[in-house]
Amino acid sequence: MSLFTDPRWGEALAHLPDYLGNHVRVSLAALALGLILSLPLAIITRNRPAPRAILLALASIVQTVPGLALLALFYPLLLLAASLTLAWFGVSFSAFGFLPAMLALALYSMLPVLRNGITGLNGIDPALIEAAKGVGMTARQSLVMVELPLALPVMMAGIRTAAVWVIGTATLSTPIGQTSLGNYIFAGLQTQNWVFVLFGCFASALLALAVDQLLALVENGLRRRSRVRSVFGVAGILALVAATLVPTMGRSSSGYAVGAKTFAEQYVLSALLRDRLQAAGLSTTARSGLGSSVIFEALKAGDIDLYVDYSGTLWANQLHRTDIKPRAELLAELQATLAKDNITLLGELGFENAYALVMPKKRAEALGIRTIADLAAHASTLSIAGDYEFFSRPEWAALQKAYGLTFRAQRQMQPDFMYAAVASGEVDVIAGYTSDGLIAKYDLVALDDPRHAIPPYDAILLLAPKRAGDERLQAALKPLLGKIDIATMREANLRAAGNDANSSPDAVAKWLWGKVGKP
Amino acid sequence: MPSRPMIGYAQVTKSFGPTNAVDDVSLDIAEGEFVAIVGGSGSGKTTLLRLANRLIEADGGTITVEGDDVRSLDPVALRRRIGYVFQSGGLFPHLSVADNIGITPKLLGIPAADIAARVDELLELVQLDRVAHRDRLPDALSGGQRQRVGVARALAAKPRIVLMDEPFGALDPLTRDVLGDDFRELHRRLGLTTVMITHDMTEAILLADRIAVMRGGKLLAQGTPAELSRSSDAYVLELLRTPRRQVERLNALLPQSGAA
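So the sequences go chain by chain: A and B. So for the first sequence, our numbering puts the first residue at 1; every next one is plus one. So for the second sequence, our numbering puts the first residue at 1; every next one is plus one.
Simulated from the structure, these hints should not be mistaken for laboratory data. Treat the hints with caution; some may be incorrect.
Below, a sample of chain B positions facing chain A; criterion: calculated Cβ distance under 7 Å [what the hints assert, rightly or not]:
| # | residue |
| --- | --- |
| 1 | Arg79 |
| 2 | Tyr84 |
| 3 | Gly90 |
| 4 | Ile103 |
| 5 | Leu107 |
A virtual CB, placed ideally from N, CA and C, is assigned to each residue, including glycine.
Build out the structure end to end from the sequences listed, making use of the hints.
Written as structure tokens, this is what we have:
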């Protein structure tokens with residue numbers, strides 16, 4: 001199939017009003033807030049070397065924090081703030097999505113605006129400032145009529161840099177729940193949908209260029225004192241915002257928000273859940289690509305209505321338990337604990353997506369390895385790769401403790417690349433997922449865990465507190481419970497890992513329903 | 001009865017750190033007078049000028065403008081009623097010639113139409129072409145034209161006093177000569193009181209009614225060129241010697257005018 005006739009372009013285009021609209025709104029709001037904070041600071045500190053140095057140092061420090069980390073930091077920060085305002089004033093706000101993304105991006109935009117603002121204002125010939133005073137200007141008039149216009153080109157260069165940075169970095173706000181053009185990129189990377197990845201990259205690059213050029217027009221107009229140009233530039237930016245508002249206003253925001261974490265299985269299950277709800281006549285919205293810790297808090301706070309999590313993950317991360325219980329006992333205790341937060345554990349889907357140590361079948365046979373205990377004897381000569389969180393998770397500590405595992409080297413990898421890496425011998429063992437279709441595709445084997453160091457990871461359906469008594473919702477979801485076995489989920493995941501039109505989460509979800517939906 | 005001075009300095013001092021920039025200076029400038037302050041760099045002449053419109057604040061002594069102690073006046077209002085011509089123009093590079101000239105009237109809240117008319121009048125007064133120069137940016141003008149705009153700007157709000165900080169210093173000799181003469185004529189026609197800083201004694205003698213000589217913050221001597229030539233101060237005599245020598249050499253080197 002040609003790249004240009006690929007139907008996924010059409011699918012990508014269908015998401016554009018939503019993704020682009022949210023992207024534009026969060027970027028421009030962040031930029032506006034950044035300017036409101038930075039420009040006065042630049043003006044106030046222009047003649048005060050000490051505060052100026054401190055300010056620039058702080059802004060530089062913020063800039064050295066990677067964009068993703070800065071965005072991720074704002075989420076728990078706002079959660080804390082929200083719980084404090086709830087305790088003190090009885091009002092709470094959503095720490096999810098727009099607010100943390102906007103605040104983090106605003107902070108991110110400050111350095112270029114501050115630095116260029118200060119440089120521009122300090123670069124003015126002192127004789128001209130003297131002249132402004134001499135012709136009878138007040139300090140404010142001198143600032144507005146002489147200093148700011150003269151510093152304008154340098155200041156605008158800073159504002160344009162900030163705009164491009166913010167629009168680029170906003171693609172990273174997807175995991176904290178802010179829909180953006182990053183949704184294409186995150187979903188595309190996770191489901192090997194390169195059309196989406198390309199689409200997301202091009203769209204954000206084009207947006208950055210467009211905003212940059214509109215700002216250039218404003219600058220040009222201000223500098224040449226041409227009202228027409230400035231008005232056109234400002235009107236262009238306003239039109240951009242307005243255009244992004246129109247399609248979203250027609251859309252109802254009252255639908256059920258279905259969450260998904262950042263991997264293919266989650267995208268497929270989210271699509272499946274949405275299909276089921278829509279079949280029951282309920283409207284839905286997708287909130288995909290959410291960070292693993294963000295998604296549970298988002299459910300608890302009611303920012304999303306439902307999603308699929310895994311029992312072992314919640315056991316370790318939310319209940320902070322390090323002991324391991326048999327499957328049924330663990331589920332029962334989890335259900336009881338979640339109920340205290342009014343979260344409904346509706347039931348299991350039927351398969352487990354556990355961490356498992358995985359290696360090529362042939363290699364395992366050659367070394368005589370069947371279980372993790374066998375592996376321990378060879379570990380000191382082998383290397384292991386895991387996803388970004390695995391080595392800091394309690395399961396890894398438990399595994400190391402139970403089997404005395406010490407590997408020669410350990411590496412972190414994008415989950416989708418791990419399987420190819422272990423199949424090609426790039427690494428010897430990976431911490432894979434039992435439900436992953438690639439295990440079969442690459443002829444790999446998941447090693448047994450005779451000492452039960454890894455807890456059970458039943459896929460479970462969770463509902464937000466406000467949906468606790470929602471009969472209609474629960475009725476629509478009940479047919480899924482216990483229906484998806486591991487073989488079916490593996491095949492679904494393998495399909496989702498393909499790079500063609502049939503591998504989109506929606507298409508795979510339909511296939512999956514075809515398999516499990518029969519009465 | 002001696003009329004009160006337009007500008008009066010009485011025992012004025014100003015120091016920057018350990019340096020006495022202006023040291024116990026007393027000087028009265030009468031209405032309609034053209035006074036040149038002459039001195040080398042660091043002599044305190046620029047500081048003395050800027051004390052008058054409070055671009056610099058005095059440490060001690062009293063300065064009066066039209067009889068009022070400047071400390072009792074709002075500095076911004078004071079500057080708006082005193083014309084100031086800056087060294088090499090001091091024009092705002094982002095504003096057109098017309099906007100530069102009209103700046104002080106604009107600050108005073110004069111209606112735009114009146115300012116426009118005033119700008120045309122001033123362009124004519126300083127002999128610039130209304131059509132060709134009005135809307136240009138300062139960068140598109142020659143040095144002499146820029147300084148004419150600077151003079152026009154200083155005169156825009158119809159001040160009675162004009163302060164000039166080495167206004168013609170950076171110009172070529174021919175332009176400088178013409179500009180100096182033209183300004184002298186404006187000074188007479190408009191009945192201005194003018195204080196001009198220069199390091200050039202020849203220029204001071206040719207343009208000013210009275211010359212004040214500064215050195216090391218002190219006012220060494222003041223008076224008409226004729227009075228100064230009778231001074232007993234060695235520095236003053238040295239300053240006067242230069243133009244004399246120039247005249248003698250010019251007379252020797254050039255054929256007498258009309259003797260072609």
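Results of checking the hints against the structure:
1. A least Cβ separation of about 4 Å between Arg79 (chain B) and chain A falls short of the 7 Å threshold, and the interface hint therefore holds.
2. At a threshold of 7 Å, the smallest CB-CB gap from Tyr84 (chain B) to chain A is about 4 Å, leaving the interface hint in force.
3. A least Cβ separation of about 4 Å between Gly90 (chain B) and chain A falls short of the 7 Å threshold, and the interface hint therefore holds.
4. Of the supplied interface hints, the one on Ile103 (chain B) holds, with its beta-carbon coming within about 5 Å of a beta-carbon of chain A, less than 7 Å.
5. With its C-beta approaching chain A no nearer than about 5 Å, Leu107 (chain B) sits inside the 7 Å limit, and its interface hint holds.
Consistency note: the structure conflicts with none of the earlier hints.
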